[in-house]
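Q: One letter stands for each residue in the lines below.
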Amino acid sequence: MTVLETSAGLHLVLADASAVRATDADGFAALGWLMIALPLAGAAILLLGGRATDRWGPLLATALSWASFAVGVGVILQLLGLPDEERSLSVQLWEWVAAGDLSVDVGLLMDPLSLAFVMLITFVGSLIHVYSLGYMEHDPDKRRFFAYLNLFIAAMLILVLADSYLLLFVGWEGVGLASYLLIGFWNTNPAYATAANKAFVVNRIGDFGLITAMAVIFASIGALDYATVHGSADAMSQGTLLAVGLLLLLGAAGKSAQFPLQSWLGDAMAGPTPVSALIHAATMVTAGVYLIARSQAIYDLTPDARLAVVVVGTITLVYGAVVGCAKDDIKKALAASTMSQIGYMMLAVGLGPLGYIYAIFHLLTHGFFKAGMFLGAGSVMHGMHNEVDMRRFGNLSSVMKVTWVTFGLGWLAIIGFPFLSGWWSKDLIIETAFIDQGDGAWRAWVFGGAALLAAGLTAFYMSRLFFMTFHGKARWADDVDPHESPLTMTIPMMVLAVGSAFLGLALYPTGILTAWLDPVFGHAEHPEPVIPVLAIQLLVFALVVVGVALAWMMYVRDSVPQTAPAGSALTRAARQDLYQDELNETFLRRPGASVVTATVEGDRDLVEGGLVGKTTGGLGGLSDLLRRTQNGFVRSYAMTMLAGVVVILGAVWVMQ
Amino acid sequence: MEFTAPDIDWAALLPLIIVFVGGLLGVAVEGFAGRAHRHMVQVPLTVATLVLALAAVVLVARDSQGITAAGAVANDGPALLLQGLILSLAVIGVLVMSERFGGQSADAFTQAGVSVPGSAEESLATRLGATTTEVYPLTLFSVGGMMLFGMANDLILMFIALEILSLPLYILTGLARRRRLLSQEASLKYFLLGAFSSAFFLFGATLIYGFAGSMRFDVIAEAVRTGVGMDGLLVPGILLVGVGLLFKIGAVPFHAWTPDVYQGAPTPVTGFMAACTKVAAFGAILRVFYVAVEPARLEWQPILAVVAALSMIVGAVMSVRQSDIKRILAYSSIAHAGFILVGLLALESAGISGTLFYLAAYGFMTIPAFALVTLVRSSGSEATHVSQWSGLARRAPWVAAGFSFLMLAFAGIPLTSGFTGKFAVFSAAVAGGGAWLVVIGVLASAVTAYVYFRVIVTMYFGESHGDTVVITPSAMTTFAIVTGVVVTLGLGVMPSPLLELTQQASQFLR
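As you go down the protein sequences, you meet chains A and B in turn. Going by this note's numbering, 158 is the number at position 158 of the first sequence; the sequence numbering is gapless. In this note's numbering, each residue carries its 1-based index in the second sequence increased by 656.
No lab work stands behind these hints: they were computed from the structure. In this text, a Cβ means the ideal position worked out from N, Cα and C, and glycines have one as well. There may be inaccurate statements among the hints.
Stated by the list, open to error - Just a few of them, taken from the derived set where beta-carbon distance is under 8 Å, the chain A residues facing chain B:
1) Q630
2) V634
3) M641
Model the full assembly from the supplied sequences, consistent with the hints where possible.
A: What follows is the structure, encoded as structure tokens:
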């Protein structure tokens, strides 16, 4: 444990990096690899088993996902039996790469942080498996869908349980692959396939950051496992730390759809809705937050990189909220909201030891209420012939009671209705953002102010979504017959709704969360924010009320036109995702495309055209030239050999 | 001069004896078993022989390491590992050879090797249902020669092993059922050029004998170390012996036979030959250069380095314009010979273990690749032109996926054995001061990757080619292919066990 005194007199007790303290797991925890192996086996069985598994495959996949959850619970129980500072177990599986100086073992790290994620992933994941049993019932390819779901769960668990950046990267790519396969699941629709490709390409930019970060770490420390890297992070120079911090942030931004790599998330909504709930709301998109929280040993040492994290988080949380206000597609509005909420988490991790716990807290509660709302959106679409335009919904509360109530709880949670899950976690982040950490009070005002303002926006756009869907006049077409979804779909929604309501109450005021995560993040005394806590809470509440009231006036009291009105310039911009695609087009794709074109042309000149002689040749020409020696005559082959021998002997003769 | 019988450790030679006895039994089967039963007898006999020999390597020969037979045979770690590898590869190679596609006659091999293509004798043989089951004993003899090649500790014995392994291969090359003229031409070319290279080998051996006064590697090594005043003979001798060996691995400039022979030979034989000959010949090269003439390394190392560089460059560049799958694989074999030579040149134990690892990786990706080539057919014969593979993925997703995976392995993409192998030899080479070779190697890999990806792109995004059909293979061929693919993946994901094994087995007895 190190004690840090900051200039503002903050008293921070930093924990040693969790991985450094890890001891070999024994007992049940030694079976921790089962958490990954079970869903992985499920994916393998379903993919290799072919049509034979059509009937029982989806059930098997669901059962294996729950089994993985059960193993996770078992490990947690064992961890609870240990003293705080020993709650960090490692399982070494096998030696992966051993060549020269690079030695990488495949091993798992089970500590409170990774297990918190395991619980979220396996619990929400399993619920979504159950939900998909109903949602995908009539899809001819549902076996493949469940195989991919299981693959995703396994990859996500590899990501959070890895004990080295290299293995994390395997999971990182694995979830990317599963996400790609699932977004493009209905790949018969070209637009969906394009969306899958967009997610794929944007994620590669993030991966580039992560790979480069790993390269820098390896070059300066010579290892990639957390224990070594975090244990000797202070051996890196300030410049290196900053570089690593920024590169990791780039990786995190790609995966978590943070500014400036946020453009793919909205398009990723092309995938089946359960996928959006699982991957693009609850789990995968939070991987970036995990990466930064896991790398706290690096970020603690480089305040500049942390500032970058805060800035990115703040921009995204405002950005997502603005975009969310204008979207008419229910899933895209939810996607914008996800972006914004993850922005809150990024902001919190960027605040350092004061914020880590709240980031994870918000991540957990958000996993519940956002997944619940996505499932609710799926339920609405299920009953409305896959319609996603909210201007064609309205008054659904009368026909879809369960969906309405469960969605309503999620809505209240996300806008921060007092004592529901989101209120606890989001208010804590806003309060923390208002703390002056001794690096200038302006920061507290800017970041706290933005977070506060966005809370009001959140209330507006979520209420707009809720009212447009469930209240007001019914605007659906005559041939649509909205109906409630089957129990396999509504039960997961109910469970998630309970979580949306009470998870915060269960975790925070009881002290469970801080007690559980303190060993990882260390304990931090929270100084007073620049304005009193009570004032912040009241301000947030007031803004929320204003937001809801505004939405009520615009979308319940006034009628909602079925075609979107032209709107103000800001609305139009927000509908276009604040022109991010256009910006990408101008600043990234066009220059990128011209680089690629130039490369291809260069390639063509080099590979297909040539340089031999005066202008012809290149490899192709060289190949043609060499091919002439391959004329099929055995005499010339023998000549070649003889010439080779003569040249070799001649060279020796000259050398001697 | 009194002749004393040398002391021979029979246990060390047991695997060899089993293989040769199995081969002789196979000859007897040819003589006595009825035509209809031969195939059914030969295949199990051959596989059983190979498996038994493999068991003998692991259970018996491993416990009697040492130099025996008056210093002519060295039964040490590398020799044992190479034998095990040759036998394992031969098993899957033979399984591919036994493919009959549900018909009665062996599909890859001619009805009667002696008949003139298109003659009356040939149609008579076809009518009688003749098959060339001689391929199995021939393969066994060749395997015996390969095993001996890697353990020969004496230039004369090495020469004998070279001939034992080569002669059956010359015959096997000429036995293709389709395009027989091409096959026979390839056979003759291989034979003539092989004889030519053998002559170089013998000439080199003579010069070395003139220098050291002995054919035994330990005596030669001692003579090189102390220096005996006949230095003018040594270096040409080493290099001429090297020519004979480099010919077998198809290194530039002794590579010219490779594309023609690989294309002409029956495809299962090509796979067997590409994998096993390369393993055996690299075993011999390792032993000659690490045991016999290591002290003179400054003389031969630069030459070998140039050969390695040329092999990588020529192999890679030549493959760019190829349009025949078998020829692409042939040039890839030349490039791979260069990659493996890079590891060999590191001249330390990491180099040996890297080389051995690469050989295993290459062998297990080559045989299934050629086996997959036999499945893609057009109007009765193999469709080897790349354009005929166009759009294959839609028609035969498994074949296309398997071949694509093997192509990725050839290209050295991570999570395949190809990557681990390249990593092992290149890192050994960097440690051994051969960074410039590694630069060439990486560039050559990039060029070959282009070629392999082109094949993949053709299979997945090309328009379907009309008359190409993909035949369902027998269980044995499927087993061979799956084994190869699984090993290729396994060595990419979890290479440590084999790396450890090769490290333990990297000590030559001197």
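Q: Let's test the interface hint: is any C-beta of chain B closer than 8 Å to that of M641(A)?
A: 5 Å, holds
Q: Should the hint that Q630(A) touches chain B count as held when the rule is a Cβ pair under 8 Å?
A: Holds. Min distance 6 Å.
Q: Does V634(A) pass the interface check with chain B, least Cβ-Cβ distance below 8 Å?
A: Hint on V634(A): holds, closest Cβ of chain B at ~5 Å, below 8 Å.
Of the hints listed earlier, there is not a single one the structure fails to meet.
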